[in-house]
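Q: Just so you know, the sequences run in chain order A and B.
Sequential numbering of the first sequence, starting at 1, is according to the numbering used here.
Sequential numbering of the second sequence, starting at 580, is according to the numbering used here.
Since the hints were derived computationally from the structure, they do not count as laboratory data.
Here the structure is a predicted model, which is why all the values come from computation and not from measurement.
It is possible that some hints are incorrect.
Across the chosen pairs, the derived CB separations fall in these ranges [to be verified]: (1) T862/B x R160/A: 15 to 25 Å; (2) V830/B x D447/A: 52 to 62 Å; (3) K850/B x D146/A: 35 to 45 Å; (4) T582/B x K392/A: 24 to 34 Å; (5) S379/A x G680/B: 41 to 51 Å; (6) V830/B x A241/A: 46 to 56 Å; (7) E578/A x T862/B: 44 to 54 Å; (8) G615/B x P306/A: 33 to 43 Å; (9) S801/B x K392/A: 51 to 61 Å; (10) T863/B x P306/A: 34 to 44 Å.
Dumping the calculated BS3-like pairs for lysine-lysine here, alpha-carbon to alpha-carbon at most 27 Å [to be verified]: (11) K455/A x K410/A; (12) K784/B x K392/A; (13) K410/A x K392/A; (14) K392/A x K850/B; (15) K171/A x K77/A; (16) K532/A x K455/A; (17) K171/A x K161/A; (18) K392/A x K532/A; (19) K850/B x K410/A.
Every beta carbon over 10 Å from chain A, so not counted as near; a handful from chain B, in silico [as the list claims (entries may be wrong)]: (20) G716; (21) W717; (22) P767; (23) G768; (24) T806; (25) A810; (26) K854.
C-beta atoms are modelled at their ideal positions from N, C-alpha and C, and glycine is treated no differently.
So the chains spell out like this:
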Amino acid sequence: MNEHDLTLRIGGEAGMGLESSGAGFAKALMRGGLWVFGVPDFRSRIRGGHNFFTLRAGPTPLYSIADPVHLLLALDKETIRRHLADVVPGGAIVYDQQLELEDELQREDVVYVPVPLTEMAREIGGAEVMRNTLALGVASGLLDFDLQHVETVIRENFSRKGEEVVDANLKLAQEGVRLSEPFKDDYSFRLRPAAEPPERILINGTQAFALGALAGGGRFVSGYPMTPGSPVLIWFAQHGADYGVVAKHVEDEIAAINMALGAAVMGARSLVPTSGGGFALMVEATGFAGIGEIPVVIYNAQRPGPATGLPTRTEQGDLLFMIHAAQGEFARMVLAPGSIEEAFHLGWHAFNAAERAQTPVMVLSDQFLADAFRSVEPSALNFDAVALDRGKLLTEAELDNLSEDYRRYKVTESGVSPRALPGHPNAVFVTESNEHDEYPRINEEMDNRVAQQSKRMRKVQTLREDVPAPTWYGPEESELTLICWGSTYGPAREAVDRLNTEAAGRANLLHFSGLEPFPPTAEAELNRAQLKIVVEGNYTGQLESLIRTHTGIEADSAIRRFDGRPFRPEYILAQLEEV
Amino acid sequence: MVTRADYRIDERPTWCRGCGDYGILNALSRALVEQGIAPHETIVVTGIGCGSKLPQYMRVNGMHTLHGRPMPIAQGARLANHDMHVIVVHGDGDGYGEGLGHFAHGVRRNPRLTELVQNNKIYGLTKGQYSPTSAQGWRTSTSPRGSAEQKVEPLALAITQGATFVARGYPGKLDHLIWLIGEALNYPGYALIDILQPCVTFNPKRSYDYYNPRVYALEDESDYDPTDRTAAWLQAQAWGERIPIGIFYRVDPEPSLETYEPALEAGPLVKQPLKPLNTEQITTLLEPLR
Ligand SMILES: Cc1ncc(C[n+]2csc(CCOP(=O)(O)OP(=O)(O)O)c2C)c(N)n1
Ligand code: SF4
Ligand SMILES: [Mg+2]
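Generate coordinates for the entire structure from the input sequences, incorporating the hints supplied.
A: Following this line, the structure appears as structure tokens:
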């Protein structure tokens, strides 16, 4: 029976091919009609050190990983040592029979499945890495997950390497199923494929955002590799050219954003993907985009800082930094998608918002959202909703008929000035980083400064119209409200579901994907909450302080996490007990 | 027809009387007119410094940006719209100090830009600190005991980094400078012109009186071969009683940066219509995720 979702974890050393095996199995499960959610947990190193991959699958949509493990595939002893406590009673551990397990690695209530992982991988495949396939074969056997979907994925993934490699892997998977037979009676968890599985896609936050940005007309991408932001740069480097995109890996982050600004002034929708340390280098140029009124989208996939911090891990520590970065004051937007759906949507919305207000728009993701993948209906990426709004961009005809000298920084009621792109004889102008008048001539007079600074700041109103309102999940009247932003949405949503399964009406969720300008509806929504608990992945409570600053509302309590690991529903529920 | 009037603007430069930047402004607009390039067909990207205010003083598209950053900005502009002539203008502190990394890397890419450096061997706008091109031992407010550093050799560095058009100009030889800029504008690759720019206020020891008797044009030397890379590299570092100007090194360029971008085969990025993805494209994009 597939009544519950199950968690499978495959662990070993860096370099053992865990990520591709995990992703391959996830895809097989999805094609078998199961909903899946997977997260890599990797150290910042190429070889050695403990890495693992957690894959959750079940009969209903999933938004997070969970703590209890039902099946542990241990490619080394360290995996058993570290994860033994997470294995549920009745769960199983598949491991290499060569390993001798000390007493402390033995549990009465767990099924031990020793198999000749290394030996057989060498014998049949001629390479140790193929033991992953054998282990996944054993997993399929134990779970009663028909091998056909695994076999298709093997064929797809290994066809590049030749028929021989495909055959060896197929054989190993089949051997795995055979080896699992003697243990199946003792192991009762099952993940049976559906007879007619629906079409779904397996996608992570990186891909969802990149697809959104491409759909939104992103045409120029420049960046410098920094985990976990670089996957967006890599995505565009690999796919962009087919869709008319220039994607460049340049000498540093300062060059990356400045190149993007050059392209943006000329009229290309420009994106700079990075992580917090890279954004720190981009700060001055972000201010240039502010005073120069240049639309640009900055994507920061956060990792724990400061400095190098924990390169491959997750945190929500950059929120206030993004809101305040750069000297002086200017209007900007900060967005933080909480799901695949939102990552896609904000990917294109960010460009519209940036062009409508002619100012930088920042999208804050993090390692968890960027790397975790989820199965979704293809419609979760709502391509039909994509609209391209370039704001007050003057058309060729409007420029042809311009009756007065063009004023790039014309003072208007909304603060947004009609924008020309360089190249038209009637609109010859300078993009200016010094304070300037409307034309723009450099101008230091008091009145002019006040007029121009006020004009730029009035654009906050346009941004307010475009900033997403906080959204509710769960029953309207609830005893307590979890308040979160960004990637915490998924785990918090599952925590809410579990609370309401225990007792209806216990909890709901208020989620912020728009943080700057602070959404105008936030105060009213917050006032509808009873017990307010802010859940966020940082030490100081950055959303909590934003709420206090903008509304004067004090949260009743907070749940925070800053150990570099993503939130999980169990963590939230355990902390709730305490508060 | 493009005329000088097209580039004229009713704005008085805030430069000191006698500043070499006047000559550079003059030479640039005259070269543009000579080449028949209209103000809307070009964009002048500058950094921050005295000379970087140049787009304020002529009627032309421009970006007056950040100290040290005009080079990447110009490359982005060029990649986005390669129908435009993109000209980068900045000081020695800007391009060889704050922006040295962008310079060294930008050259490697061979973007089709004309780069003009107002090299006065001093920080003008911040009132007279030694710059990366000041001679070792130069005394200024931040080097009261004389600077410790050897000077950057921009022309030799550019040659090392793969530049194929490397020149030096001098506003005291205005016609020569106009000619040089014209050559650079027509060159189908990255072209550097480092310009000996007198700063009469903060670096009087490197003013006209110093340069006039020393400067000579390589074009006047019958035995100078500007296609000899090693000779050019050595000549680029020659300094003393005779200071060469002119084209140190010029050969046919490698393919320029834009030619590596398949997206630009259909024309300038900004001229390609911005429209939603079609069904077929969406299907292709989602295929690997299924
Ligand atoms: C990031 C940054 N650092 C410092 C400055 C201050 N600053 C302005 S111009 C300048 C030096 C100018 O020297 P140079 O580039 O040689 O131009 P010049 O004034 O000599 O033409 C400096 C240091 C600045 N504007 N931005
Ligand atoms: S300080 Fe020097 S560089 Fe600046 S305007 Fe005066 S003479 Fe020219
Ligand atoms: Mg200088």
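Q: Straight-line Cα separation of K455/A and K410/A no greater than 27 Å?
A: holds, 9 Å
Q: Does the beta carbon distance between K850/B and D146/A stay inside 35 to 45 Å, or does it fall outside?
A: The hint (35 to 45 Å, Cβ to Cβ) is violated, given that K850/B and D146/A are roughly 53 Å apart.
Q: Hinted pair, alpha-carbon criterion (27 Å max): K850/B, K410/A. Please report holds or violated.
A: The hint holds at about 25 Å.
Q: Can you confirm whether the C-alpha distance between K784/B and K392/A stays at or below 27 Å?
A: With Cα atoms ~51 Å apart, K784/B and K392/A exceed 27 Å; violated.
Q: Take the C-beta atom of V830/B and the C-beta atom of D447/A, compute their distance, and say whether it sits inside 52 to 62 Å.
A: holds, 55 Å
Q: Would the pair K171/A and K77/A pass a check requiring their Cα atoms to be no farther apart than 27 Å?
A: Given pair K171/A, K77/A holds - Cα atoms ~25 Å apart, limit 27 Å.
Q: If we take the beta carbon of G768/B, is the closest beta carbon in chain A still more than 10 Å away?
A: Answer for G768/B: holds, closest chain A Cβ roughly 18 Å.
Q: With 34 to 44 Å as the target window, see if T863/B and P306/A comply at their CB atoms.
A: holds, 41 Å
Q: If you check the beta carbons of S379/A and G680/B, does the distance land in 41 to 51 Å?
A: holds, 46 Å
Q: The hint says 44 to 54 Å between E578/A and T862/B; measuring C-beta to C-beta, is that right?
A: Hint holds: Cβ distance 49 Å, inside 44 to 54 Å.
Q: Keeping to a limit of 27 Å between CA atoms, is the pair of K410/A and K392/A held or broken?
A: Between K410/A and K392/A the Cα gap is close to 12 Å, so the pair holds against 27 Å.
Q: A range of 24 to 34 Å was offered for this pair. Does it hold for the Cβ distance of T582/B and K392/A?
A: At 33 Å between Cβs, range holds.
Hint compliance for this structure: hints 3, 6, 8, 12, 16, 18, 26 are broken, all remaining hints hold.
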